[in-house]
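Student: This is what each chain is made of:
Number of protein chains: 2
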Amino acid sequence: MPELRKDIVTGRWVIISTERSKRPDDFRPQQVINPDKENLVFCPFCSGNEAKTPPEVFAIRENDSSPDQPGWKIRVVPNKFPALQPGPPPPKKTKRLYQWMEGVGVHEVIIETPDHKQEMSDLPEEHLAQILQVFRLRTIEIEEHFHHQYVQIFKNKGKEAGASLSHPHSQLIATPIVPKRIKEEIYGAERLFRNQIRECVFCQMIKEEQVSGERLVFQNDQFVVLTPYASRFPFEMAIFPLNHSAYFRKISDQETFQLAKAIKQALSRLKTQLSDPSYNLVFHQAPNPKVSEKAWPGIDRYYHWHLELLPILTKVAGFELGTGYYINPVPPEVSAEYLKKEIQLKS
Amino acid sequence: MPELRKDIVTGRWVIISTERSKRPDDFRPQQVINPDKENLVFCPFCSGNEAKTPPEVFAIRENDSSPDQPGWKIRVVPNKFPALQPGPPPPKKTKRLYQWMEGVGVHEVIIETPDHKQEMSDLPEEHLAQILQVFRLRTIEIEEHFHHQYVQIFKNKGKEAGASLSHPHSQLIATPIVPKRIKEEIYGAERLFRNQIRECVFCQMIKEEQVSGERLVFQNDQFVVLTPYASRFPFEMAIFPLNHSAYFRKISDQETFQLAKAIKQALSRLKTQLSDPSYNLVFHQAPNPKVSEKAWPGIDRYYHWHLELLPILTKVAGFELGTGYYINPVPPEVSAEYLKKEIQLKS
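Read top to bottom, the protein sequences are chains A and B. Sequential numbering from -13 applies to the first sequence in our numbering. Sequential numbering from -13 applies to the second sequence in our numbering.
The reader is advised that the hints may include incorrect statements.
Any copy, or any two copies together, can satisfy a pair, since identical chains are not distinguished.
Computed list of lysine-lysine pairs in DSBU-like fashion (alpha-carbon distance at most 30 angstroms, straight line) [what the hints assert, rightly or not]:
1. LYS326 with LYS(-8)
2. LYS59 with LYS193
3. LYS327 with LYS(-8)
4. LYS169 with LYS59
5. LYS(-8) with LYS257
6. LYS79 with LYS193
7. LYS280 with LYS236
8. LYS78 with LYS301
9. LYS193 with LYS(-8)
10. LYS81 with LYS103
11. LYS103 with LYS276
12. LYS326 with LYS79
13. LYS257 with LYS247
14. LYS81 with LYS193
15. LYS103 with LYS79
16. LYS59 with LYS257
17. LYS193 with LYS78
18. LYS81 with LYS145
19. LYS38 with LYS78
20. LYS38 with LYS301
21. LYS327 with LYS166
22. LYS79 with LYS236
23. LYS166 with LYS301
24. LYS166 with LYS280
25. LYS169 with LYS(-8)
26. LYS79 with LYS257
27. LYS78 with LYS166
28. LYS145 with LYS79
29. LYS327 with LYS280
30. LYS78 with LYS103
It is worth saying that the hints were derived from the structure and are not from the lab.
If we strip away everything but chain A, and leave its shape as in the complex, we get (with noise of 0.2 angstroms):
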């Protein structure tokens, strides 16, 4: 069983997971990953292949096919390497000085297309709007039955990126806490919203930066696209529905073309403008409503989900993991200047 350990004096935990139990020697240096040199059979995310996960929780998939049988378009599945296990969510136990929690919770991977080729970025809008829905269902399924404080939505794209394969996914973590992430933006909105704008800071924001045009890159009736004016790393992205909500688990199905053409178009960009950079793609939403309601009451006024996607470009280092602080040496305004061109999409 993993276990969940809190720093005592920052307050940050951290996940042990023994599932994934490594030794020194699995350190060596790993092979990049080729897709084009990849042995599809033995990909485990390929139609065909299904028997190499775990049984499908979820799927999207041809009337007449079965589960975890070729013909489906997007399936999901438990992590066969899990971070977390299934389980209710664990109390909170100490152990002298120290905290700590079973490291119960959910783990599960949304694997894109059957097509192992087939990035993201070349998905019709149609397919992605799909893998959106896909998302916001699981969300809910979890928050609902499994009783989680928070859902974690998240692609890593490329090696540079964490990803360990090559066919498209993107994984959910449900964590029986509320990341400290989280906590931070859902208190440094609160506290504006009381304090001193009267309203949602993101929805404030998001006016601003539709009024100057300098960090704006895209933008469509429901959905922004921008380099944020304290932007962490070069070309780094989020998206907005202009729509306020703290819930992503709330978008409408229309929504979801509308997101879809805007990731797209922020995927596109990165693609062309930055040779095909590895990336990771964040949800930000706020946590699990029943547990937001009595924390944060009033959150649906002041909290505003997105999305970040960190184009992986530099590395973070020591000056980074000891202040906290980033360096960045692209100012937003240049990736914006950059990122703004019109491209030509590729479906």
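Please build the complex by placing chain B on the supplied structure of chain A, with the hints as guidance.
Tutor: Coordinates of chain B only, in the frame set by chain A:
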């Protein structure tokens, strides 16, 4: 002039470093740094190439040698591409919704040896102790004369750890504000001191680790090397002085020799047990005493300076970026088991 910009929601500051400004073309994959194949004629940190760096601000050198000439043993120079520029501590400014400051501070490079191929772990303990004495000296100088709030000392070893030059060196960045991460440590330790423990939490933790021994890697009369209970990374180590002190700058000459022994042990074990990974070595100390004594009276009693040694063996990915939590595939007890094995030191 670089800028410090504040993320309005989380309060995290970012350095937008114009001196290091890069265009998309600069982000092509870098060559692997291989010290054996490098052309030492061009290494700006090698003896004989002193003119390739800005003029030195300090050096330990032979008595009859001149500044910026060969004859030095340890040499301190301003970073040629500084993240922050020299100047007096700047005021905070606002730009509509956003806060920013001029990017004023200090960014120095400590060249640890004239010998390109002699890594920190290869240096004799006396030499390593002298490097620590130089860190102490520069910290005092910068805190007393430039009045910056925090001095971050760190070493990035290897490309994966963010080093762009392989010649052995450390860096020092002094910031006009106390970093988020340091504040978290100070507030955490202060809260535990006041409400619960009534002594330094670091002191109590060290004593517990000495008793249990399961995460203890090495100790001598004055320092202890351990794998922290809530380690974020495989084979992560922390080095603590047994003599309680908030300020690294108060270390005695005699202690620098004991710390040199502890660092050499930790680095050598990492190298031997793990086929020489890249790593970050990160100092954690109390802010400038002039700031600390006003902002955190009594910090001397509850804060405890220390070093973090972070080997780069895993990637920080979407889950970590979204949540601020970490997934560590190696329990620190397992890391300690490998790291505590006796090794033969090189010198």
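Student: Now tell me if each hint is right for this structure.
Tutor: Hint check results:
| no. | hint | result |
| --- | --- | --- |
| 1 | LYS326 with LYS(-8) | between (42 angstroms within a copy, 24 angstroms between copies) |
| 2 | LYS59 with LYS193 | neither (37 angstroms within a copy, 56 angstroms between copies) |
| 3 | LYS327 with LYS(-8) | between (45 angstroms within a copy, 27 angstroms between copies) |
| 4 | LYS169 with LYS59 | neither (35 angstroms within a copy, 48 angstroms between copies) |
| 5 | LYS(-8) with LYS257 | between (38 angstroms within a copy, 28 angstroms between copies) |
| 6 | LYS79 with LYS193 | between (45 angstroms within a copy, 21 angstroms between copies) |
| 7 | LYS280 with LYS236 | within (19 angstroms within a copy, 47 angstroms between copies) |
| 8 | LYS78 with LYS301 | between (35 angstroms within a copy, 28 angstroms between copies) |
| 9 | LYS193 with LYS(-8) | between (39 angstroms within a copy, 18 angstroms between copies) |
| 10 | LYS81 with LYS103 | neither (48 angstroms within a copy, 45 angstroms between copies) |
| 11 | LYS103 with LYS276 | neither (40 angstroms within a copy, 58 angstroms between copies) |
| 12 | LYS326 with LYS79 | between (50 angstroms within a copy, 28 angstroms between copies) |
| 13 | LYS257 with LYS247 | within (15 angstroms within a copy, 48 angstroms between copies) |
| 14 | LYS81 with LYS193 | between (49 angstroms within a copy, 15 angstroms between copies) |
| 15 | LYS103 with LYS79 | neither (45 angstroms within a copy, 48 angstroms between copies) |
| 16 | LYS59 with LYS257 | within (24 angstroms within a copy, 46 angstroms between copies) |
| 17 | LYS193 with LYS78 | between (42 angstroms within a copy, 24 angstroms between copies) |
| 18 | LYS81 with LYS145 | neither (37 angstroms within a copy, 38 angstroms between copies) |
| 19 | LYS38 with LYS78 | neither (35 angstroms within a copy, 56 angstroms between copies) |
| 20 | LYS38 with LYS301 | between (34 angstroms within a copy, 25 angstroms between copies) |
| 21 | LYS327 with LYS166 | neither (36 angstroms within a copy, 35 angstroms between copies) |
| 22 | LYS79 with LYS236 | neither (34 angstroms within a copy, 38 angstroms between copies) |
| 23 | LYS166 with LYS301 | both (22 angstroms within a copy, 19 angstroms between copies) |
| 24 | LYS166 with LYS280 | both (18 angstroms within a copy, 28 angstroms between copies) |
| 25 | LYS169 with LYS(-8) | both (16 angstroms within a copy, 18 angstroms between copies) |
| 26 | LYS79 with LYS257 | neither (46 angstroms within a copy, 36 angstroms between copies) |
| 27 | LYS78 with LYS166 | both (16 angstroms within a copy, 26 angstroms between copies) |
| 28 | LYS145 with LYS79 | neither (36 angstroms within a copy, 40 angstroms between copies) |
| 29 | LYS327 with LYS280 | neither (45 angstroms within a copy, 50 angstroms between copies) |
| 30 | LYS78 with LYS103 | neither (43 angstroms within a copy, 49 angstroms between copies) |
When held up to the earlier numbered hints, the structure conflicts with 2, 4, 10, 11, 15, 18, 19, 21, 22, 26, 28, 29 and 30 and fits the remainder.
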